[in-house]
Amino acid sequence: MNMRRYGRVFREFFRACLVEELEYRSEFFGNFIASFFGIAIALLTVHIFFYQTDRLGGWTYGEVLVLLGVFNTLRGWIDFALRPNMPRLLEHVRRGTLDYILTKPVDSMFYVSFRHLVFWRLIDVALGIGVIGYGLYVERYVPSAADVLMFFVLMTASLLLIYSLWMMLMTTSFWVVRIDDLSFIFDSFFDTARFPGSMYRGAVRFVITYVLPAVLITNTPALALLGKWSMVAVLAALAVAMLFLWASRRFWRFALRFYTGAGG
Amino acid sequence: MIRVSHLHKSFRVHRRDAGWLEAARSLWRRDYRVIEAVKDVSFTIEKGEIVGFLGPNGAGKTTTMKMLAGLLHPTSGEITVGGFVPFEQKPEFKKMMSLVMGQKSQLIWDIPPMETFLVNKAIYDIDDRSFRRTLEELTELLDLAPLLDKPTRSLSLGQRMRCELAAALLHRPRVLFLDEPTIGLDVHTQENVRRFIVDYNREHETTILLTSHYMGDVAALCDRVMIINYGRLIYDGELSVLTEKLAPYKRLEVRFSRLPNVDWSEYGEVAEIEEGTIVLRVAREKAAGTAARLLERFDVRDINIEDPPLEEVIARAFWEEHV
Amino acid sequence: MIRKYIALLRMKYIEMLAYRLATFVWMTGAITQPLITMFVWMNIHPEESDSFVFYFMAVIFVERMTSAWDVWELDREIREGTFSNLLLRPLHPIHWAIAENIIYKWLFAVILVPVWVVAATFWPALRPHMTASQIMLFLMAVVLGAALRFLLSYSCGLLAFWMTKVAAVYGVIDVISLFLSGRIAPLEMLPPALREWSEWLPFRYMISFPIEIATGAADGGELARGFAIAAGWMMALIGALQWLWKAGMRKNQAVGG
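Chains as they are written, first to last, in our numbering: chain A, 1 to 264; chain B, 1001 to 1323; chain C, 2001 to 2257.
Here chain A stands alone, though its shape is the one from the complex:
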């Protein structure tokens, strides 16, 4: 993969969608308010929980806020880049217009994932970062340089992991053409990552930590920023991310073979 070239292609997608969105400038204001409202509600929810206790799964109020910020940031990225493309892929498969994309000299998986970007969702990312900052403030913790570095590394791992899981879900649309919005499934799954993994018990905790690593995605970067990281955990996270990325690519390739074989 030629990184420079894909960087350029991504910039083009970015520019095209930005222009498209600036057409609807009056929408911008409404979206801004919606994002603020969303984060306010999330904060209120945490507040209600902590009205009754001062620890959640062993995490303090400030720590939970940092987790919430990480969750919001990651979800902002999903809504910015991944979510807008899912219904379009379904349309392409249903209508057979995927052929059009397959003949373009760009990797189909890349194109299908990033063609459409929704800019105002970056507000969610910004707000998430703000909440992280607020959480650190409440916790009275200033992350060290190593903390921050590990945080970025783990966030990257999380983004890769999210991308892979999302991509695998999208790929199932080749077979399950009837369902309009598979992203619903991802949302339900990802929602479990909103809270500390230590909160869950038994079989559920096992599943979301080791099988579908929702907990890994949000908890690990949050813990890193709070100074609670270990080299082993970081390497493990990266390894898992790479593994899932590889798996999603194989799955996509498999689906394409199925599609072109059957469609003709």
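Treat each hint with caution, since some may be false.
Facing chain C, from chain B, some residues (calculated, C-beta under 8 Å) [said to hold, decoys possible]:
{"#": "1", "residue": "Phe1011"}
{"#": "2", "residue": "Ala1069"}
{"#": "3", "residue": "Gly1083"}
{"#": "4", "residue": "Phe1087"}
{"#": "5", "residue": "Lys1094"}
{"#": "6", "residue": "Leu1099"}
{"#": "7", "residue": "Gln1106"}
{"#": "8", "residue": "Ile1108"}
{"#": "9", "residue": "Asp1110"}
{"#": "10", "residue": "Met1114"}
{"#": "11", "residue": "Leu1118"}
{"#": "12", "residue": "Val1119"}
{"#": "13", "residue": "Ile1123"}
{"#": "14", "residue": "Pro1146"}
{"#": "15", "residue": "Lys1150"}
{"#": "16", "residue": "Pro1151"}
Here are the simulated PhoX-like cross-link-like pairs (lysine-lysine), alpha carbons at most 20 Å apart as the crow flies [what the hints assert, rightly or not]:
{"#": "17", "chain 1": "B", "residue 1": "Lys1286", "chain 2": "B", "residue 2": "Lys1245"}
{"#": "18", "chain 1": "B", "residue 1": "Lys1095", "chain 2": "C", "residue 2": "Lys2004"}
{"#": "19", "chain 1": "B", "residue 1": "Lys1090", "chain 2": "C", "residue 2": "Lys2105"}
{"#": "20", "chain 1": "C", "residue 1": "Lys2251", "chain 2": "C", "residue 2": "Lys2165"}
{"#": "21", "chain 1": "B", "residue 1": "Lys1090", "chain 2": "C", "residue 2": "Lys2246"}
{"#": "22", "chain 1": "B", "residue 1": "Lys1090", "chain 2": "C", "residue 2": "Lys2004"}
{"#": "23", "chain 1": "B", "residue 1": "Lys1104", "chain 2": "B", "residue 2": "Lys1047"}
Simulated from the structure, these hints should not be mistaken for laboratory data.
Fair warning: this is a prediction, and the values are worked out from it, not measured in the lab.
The C-beta atom is built at its ideal place from N, Cα and C for all residues, glycine as well.
The hints should help you fit chains B and C onto chain A, whose structure is shown.
What follows is chains B and C alone, placed relative to chain A:
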């Protein structure tokens, strides 16, 4: 059956310019302009007529039809359809009329058309015997038998349209509004639909008003046409009369083995010239005579005398303010 | 009218069968959020785990039995113009929505009741302890809650005649409902300010009130008051719906169709 008198319809459209400042301003100050979609339209349609309603896009056809169906409230003027005032939307009015919109289907997407028919049966209070009779008749006329039990989404556009027509006629409406009924259909289905409409109208004396872009529809179905342009009714009368008024000429298509070098203006107006063929527009009275002269003087391979194509006639009408 | 409803219900039933898979996916979404919240509360007050398990299972059940998505249906139909198709027929469009609601609630009941029965044999915490009159009142409250949610949903849907962002408006209302209907926390766990609001707004009567009856938390005077307020809201929403409908028809006939 249908009486329309001095019908007006205007819309207030908010004018929204692009840009930050304008978008913000539009939040409290409403700039709008008035669009007059229909201006002072009057006509009467008697029972059993099939009338074509023509006009360029945006001329006011669909707006008028929606007012006739009761979906829109006129700004001023009177409408009665079968004795009812459409926009009052009385149930009895709805039971005696039907509107088929070429692009908006009333058939429910994921289930067979038969289910939609059964729902209509209940909604329109059709008793079992009438329903069975009507369904049999429509199934035969429209060849619906293989289609009724397949989900609507699996039918082709043509098959869907046939079921759509059946659904609209189950309650034996006295008035039928067709808005672009053959749009998007292949030629074969278009002909079938036209044939069906003619037969049905003859059998049941249903009053039919249809809008269409296809001249084939108009030629096959309508003795009478109304032309609307810029919201005004510019012609209301027989199609043949329209042709005579607007295009009082015939098309002479002549094929030569080799095109003679001649000043054609003495024979007629040149419409087209190609390899060995020339198309002349000749005044009706002179058409036969001109043809004879050409056959006499030149080595003619083939000659054809035709009425002007309907598209040309209608297109000319659209240029006129009043016909 | 009965015949019309039978025909509508039959049609909606067949339509629902065509959407089996999609409905299943939507249901999973409705389950995960209450479950996650349940885990949070079990973590906060481990000693009350049993009652939380019952409470949140009940939330899932009652939420499904009262759910109404008419706001999105109406928004789409009005925007796409397919609403006109309904207006042309001699039957008020609301009956189509009511029929759909009935069919889907029937479906949810058919799925959830056996699941609850099976789950209750394994987890004693899930076994309800209700007298016959409690069951009766519980069912009445559920029906009332379903009616309230439907009326609210349909009324908001009608706003599509005037605005394009109806989904956003309803989204805000739904979020408020999350707190005040007892889905984020049993109402007695909320800060007193929110508890005040929940008593007077209709949201409590959509989810929490029936559950309070089932657990015995609401009885006697509380019961009567609850039903009275709920009935009051029902009247108010019916009035609002009628007004919105008339205004909507006028607007539609002026510009839409």
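**Request:** Hints the structure violates: just list their numbers, smallest first.
**Result:** 3, 10, 14, 15, 19 and 23
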